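Novice: So the sequences go chain by chain: A and B.
If you want the numbering used here, it's the position in the first sequence, counting the first as 1, plus 142.
If you want the numbering used here, it's the position in the second sequence, counting the first as 1, plus 142.
These are calculated hints, taken from the structure and not from any lab test.
These figures come from a predicted structure and were not determined experimentally.
One should not assume that every hint holds.
Identical copies carry no separate label here, and so any pair may be met within one copy or between two of them.
[To be verified] Okay, derived cross-link-like pairs now, DSS-like style, lysine-lysine, Cα gap no bigger than 30 Å in a straight line: (1) 278 x 400; (2) 364 x 210; (3) 400 x 446; (4) 152 x 210; (5) 496 x 400; (6) 446 x 152; (7) 479 x 401; (8) 479 x 152; (9) 496 x 434; (10) 446 x 278; (11) 401 x 210; (12) 479 x 278; (13) 400 x 152; (14) 496 x 401; (15) 446 x 364; (16) 278 x 496; (17) 152 x 364; (18) 401 x 446; (19) 434 x 278; (20) 278 x 152; (21) 364 x 496; (22) 434 x 401.
Protein chains: 2
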Amino acid sequence: MPSKPSNAGKPLTYADSGVDIEAGDTMVGMIQGLMRRTHGPRVIDRPGGFAGLVRLDYNEKLFRRNYKEPVLVACTDGVGTKVKLASQLGVYDTVGIDCVAMCVNDMIVEGAEPLMFLDYLAVNRLDPQVGTAIVKGVADGCRLAGCALIGGETAEMPDVYSEGDFDIAGFAVGVVELDRAIDTSRVEAGDVVIGLPSSGVHSNGFSLVRKIVSSAGLDLNKVYTELDAQQTLGEVLLTPTRIYTRAIVRLLRRYTVKKVVSGMAHITGGGLPGNVCRALPNDLDAVLDSSKWTSPPVFAFLQKHGRIERGEMLNVFNMGIGYVLIVRPSFANSVMKHLTRLREDPILIGEIVKGGSGVVRVE
Amino acid sequence: MPSKPSNAGKPLTYADSGVDIEAGDTMVGMIQGLMRRTHGPRVIDRPGGFAGLVRLDYNEKLFRRNYKEPVLVACTDGVGTKVKLASQLGVYDTVGIDCVAMCVNDMIVEGAEPLMFLDYLAVNRLDPQVGTAIVKGVADGCRLAGCALIGGETAEMPDVYSEGDFDIAGFAVGVVELDRAIDTSRVEAGDVVIGLPSSGVHSNGFSLVRKIVSSAGLDLNKVYTELDAQQTLGEVLLTPTRIYTRAIVRLLRRYTVKKVVSGMAHITGGGLPGNVCRALPNDLDAVLDSSKWTSPPVFAFLQKHGRIERGEMLNVFNMGIGYVLIVRPSFANSVMKHLTRLREDPILIGEIVKGGSGVVRVE
Chain A
143 MPSKPSNAGK PLTYADSGVD IEAGDTMVGM IQGLMRRTHG PRVIDRPGGF
193 AGLVRLDYNE KLFRRNYKEP VLVACTDGVG TKVKLASQLG VYDTVGIDCV
243 AMCVNDMIVE GAEPLMFLDY LAVNRLDPQV GTAIVKGVAD GCRLAGCALI
293 GGETAEMPDV YSEGDFDIAG FAVGVVELDR AIDTSRVEAG DVVIGLPSSG
343 VHSNGFSLVR KIVSSAGLDL NKVYTELDAQ QTLGEVLLTP TRIYTRAIVR
393 LLRRYTVKKV VSGMAHITGG GLPGNVCRAL PNDLDAVLDS SKWTSPPVFA
443 FLQKHGRIER GEMLNVFNMG IGYVLIVRPS FANSVMKHLT RLREDPILIG
493 EIVKGGSGVV RVE
Chain B
143 MPSKPSNAGK PLTYADSGVD IEAGDTMVGM IQGLMRRTHG PRVIDRPGGF
193 AGLVRLDYNE KLFRRNYKEP VLVACTDGVG TKVKLASQLG VYDTVGIDCV
243 AMCVNDMIVE GAEPLMFLDY LAVNRLDPQV GTAIVKGVAD GCRLAGCALI
293 GGETAEMPDV YSEGDFDIAG FAVGVVELDR AIDTSRVEAG DVVIGLPSSG
343 VHSNGFSLVR KIVSSAGLDL NKVYTELDAQ QTLGEVLLTP TRIYTRAIVR
393 LLRRYTVKKV VSGMAHITGG GLPGNVCRAL PNDLDAVLDS SKWTSPPVFA
443 FLQKHGRIER GEMLNVFNMG IGYVLIVRPS FANSVMKHLT RLREDPILIG
493 EIVKGGSGVV RVE
């Protein structure tokens with residue numbers, strides 16, 4: 143009798159549908175310590191609460207300053223198909239750093255400082271060890287970014303995600319004093335463009351990266367000497383996205399009166415042309431000189447094996463510059479010096495010119 | 143020569159990897175109006191910006207009040223495998239409401255009012271029409287919740303999501319004045335429990351729901367009269383999650399001096415027992431009388447066709463009560479009256495008793 147329901151006589155339970163509540167509870171226990179490590183005095187501890195709570199102002203001297211006109215700044219992002227590479231290689235503890243980086247690097251562009259972070263993790267089947275490794279990466283990223291991991295959601299969705307697959311999205315909230323928020327209308331012709339190096343591909347363009355790997359028959363577990371003397375291709379590709387938060391937040395605090403930084407950009411999907419233009423008024427262009435910086439070998443490697451045209455590379459990848467500041471020329475040296483003290487390697491990569499329509503030329 | 147890379151001679155482009163940048167741009171254009179409809183005077187308009195900006199305080203009389211000790215409250219959630227049902231039925235414009243509901247209903251439990259929302263949408267292939275329908279649901283949910291949709295991310299991930307599949311996660315941020323935050327340690331024996339009706343299954347337990355549908359051979363496109371006179375099973379199951387924000391926020395504003403609401407709970411995964419206990423101190427129990435409310439027919443329908451035991455139903459589904467308030471007994475009538483004026487149908491469903499360990503008994 144093929145039409146007979148298969149469960150005849152047997153009561154269904156939630157566990158029958160593939161959702162393992164116990165695994166979820168195990169993981170919650172394992173990640174609580176990881177979350178606590180990211181908490182500062184702003185976080186209000188509420189075990190079992192429905193939401194995460196973070197103090198903004200405080201009446202006592204606990205914080206350096208209170209806000210007069212606080213503006214909340216919020217971002218969300220994922221890491222694209224970098225998750226696919228992570229699960230393929232069984233390396234789970236770094237995509238969380240990428241996820242934090244993608245969100246907080248967007249946030250600091252507005253002049254804000256990150257306060258808190260939440261993650262959404264969706265998996266095929268919850269392995270508490272794997273889930274905890276992923277959240278450990280998120281917590282590591284939060285510590286690098288100086289923000290508190292105050293909540294998250296782990297969803298077990300066996301019918302949406304294939305075996306071994308997962309996805310992660312992050313959400314960051316920060317604050318900026320309204321009159322210190324970056325205002326791109328202040329960018330002027332003559333301003334200089336300072337770039338901060340990326341650590342590699344970061345977290346954009348991984349569908350193309352994976353296409354190159356498969357179509358050129360590359361081996362993720364092999365060491366290609368043209369790429370790196372010790373790391374495998376997979377390791378090079380999984381290098382976590384750099385987090386620019388501490389350097390940028392501290393730099394902006396240095397200039398409390400003068401507004402020397404007129405614009406910033408986080409170089410994500412769309413590359414330098416697609417992101418620097420977001421920091422420009424319509425009547426100004428940016429001219430960048432790519433001979434000023436050394437592109438990490440991973441980009442030449444991908445370009446060669448994918449036979450990708452240079453213009454396409456520039457429009458998809460960061461090509462070695464992960465973050466850009468637009469600065470008044472008379473303060474360029476001062477900003478470069480501060481950034482160097484903050485352990486960055488700032489490079490003067492171009493300038494702002496009068497022009498057409500917010501175009502970015504990379505020469 | 144099977145070992146020869148298949149792309150020999152042909153340069154790869156980003157589009158070759160299955161990512162359609164144009165579809166993304168089309169969708170961004172389509173959703174901008176939807177987002178604007180949710181914006182109030184707090185939102186700072188920054189087209190093309192890297193992050194969403196929302197004013198918290200303001201120097202003028204634009205807002206009813208400024209905060210003395212503002213505490214930020216943040217939540218994240220998805221809608222589980224309700225997304226699978228939505229894509230199966232081709233109904234895309236309501237899961238966004240569910241996504242907002244799951245987040246903001248958690249947030250108001252802390253006494254907070256929602257300010258802003260961001261969504262993360264991941265798809266196999268971006269169909270701008272489908273993507274826009276999903277975000278329309280998110281925007282509708284934000285309007286119902288009284289919060290601004292200030293950002294989001296749409297990720298096209300052909301290798302993680304199967305054809306037609308997608309996932310959605312939401313992030314909500316709100317604010318509560320510290321001394322008005324709900325403090326569950328204030329719950330006392332003798333407090334009464336008021337329930338607000340759910341609209342049905344809401345957004346939990348859908349892996350089990352779908353398992354029942356498949357194993358009992360149910361037809362999602364059929365009208366089952368025991369369930370509803372007109373709606374199909376699929377329509378009944380996709381009914382959006384109720385959003386309790388406006389009623390709860392307004393209710394709490396009514397009592398500016400006395401703290402008549404001692405605890406609240408959003409009834410999600412774990413049902414009444416698993417969520418009401420989160421609002422209880424360890425030495426108190428809640429006793430709920432299920433004869434006080436009428437469970438929507440969908441629960442009896444699912445229980446029958448899945449041959450599910452009553453205890454399992456209670457631990458997975460809300461059984462008709464989507465939100466719970468714990469209230470001082472002398473204010474029960476006043477709270478019920480206010481909630482009725484706010485177009486809710488509050489039901490007295492139980493009370494708090496001295497007891498073991500934060501247990502919830504449903505009798």
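Novice: So, for every hint listed, does it hold in this structure?
Specialist: Now the hints, each set against the structure:
In this assembly of identical chains, the alpha carbons of residue 278 and residue 400 never lie at most 30 Å apart, being 39 Å within a copy and 42 Å across copies at closest. Within a single copy, residue 364 and residue 210 get their C-alpha atoms no closer than 55 Å, and across copies no closer than 58 Å, so neither meets the 30 Å cut-off. In the homo-oligomer, the alpha carbons of residue 400 and residue 446 never lie at most 30 Å apart, since the shortest distance is 45 Å inside one protomer and 70 Å across protomers. Taking the shortest Cα distances, residue 152 and residue 210 never come within 30 Å of each other, neither inside one copy (63 Å) nor across copies (58 Å).
Within a single copy, residue 496 and residue 400 get their C-alpha atoms as close as 23 Å, which meets the 30 Å cut-off; across copies the closest is 61 Å, which misses it. Taking the shortest Cα distances, residue 446 and residue 152 sit within 30 Å of each other only across copies (12 Å), while inside one copy they are farther apart (59 Å). Taking the shortest alpha-carbon separations for residue 479 and residue 401, only the intra-copy value of 17 Å comes in at or below 30 Å, while the best inter-copy value is 54 Å. With identical chains, the CA atoms of residue 479 and residue 152 are never at most 30 Å apart, being 72 Å at best within one copy and 45 Å at best between copies.
In the homo-oligomer, the alpha carbons of residue 496 and residue 434 lie at most 30 Å apart inside one protomer (21 Å), although the nearest pairing across protomers, at 72 Å, exceeds that limit. Taking the shortest Cα distances, residue 446 and residue 278 never come within 30 Å of each other, neither inside one copy (35 Å) nor across copies (43 Å). Taking the shortest alpha-carbon separations for residue 401 and residue 210, both the intra-copy value of 18 Å and the inter-copy value of 29 Å come in at or below 30 Å. For the identical chains of this complex, residue 479 and residue 278 are neighbours neither inside a copy (34 Å) nor across copies (48 Å), given an alpha-carbon limit of 30 Å.
In the homo-oligomer, the alpha carbons of residue 400 and residue 152 never lie at most 30 Å apart, since the shortest distance is 73 Å inside one protomer and 52 Å across protomers. Proximity of residue 496 to residue 401 under the C-alpha cut-off of 30 Å is restricted to the intra-copy arrangement: shortest distance 21 Å within a copy versus 60 Å between copies. Proximity of residue 446 and residue 364 under a CA criterion of 30 Å is satisfied intra-copy only: 17 Å inside one chain copy versus 56 Å between copies. For a Cα distance limit of 30 Å, the shortest separation of residue 278 from residue 496 qualifies neither inside one copy, at 47 Å, nor across copies, at 39 Å.
Only between protomers do residue 152 and residue 364 lie at most 30 Å apart by alpha-carbon distance; the minimum there is 24 Å, versus 51 Å within a single protomer. Proximity of residue 401 and residue 446 under a CA criterion of 30 Å is satisfied in neither setting, with 42 Å inside one chain copy and 68 Å between copies. Within a single copy, residue 434 and residue 278 get their C-alpha atoms no closer than 36 Å, and across copies no closer than 45 Å, so neither meets the 30 Å cut-off. Taking the shortest Cα distances, residue 278 and residue 152 never come within 30 Å of each other, neither inside one copy (40 Å) nor across copies (41 Å).
For the identical chains of this complex, residue 364 and residue 496 are neighbours neither inside a copy (48 Å) nor across copies (64 Å), given an alpha-carbon limit of 30 Å. In this assembly of identical chains, residue 434 and residue 401 lie within 30 Å of each other by CA distance solely inside one copy; the values are 26 Å within and 63 Å between copies.
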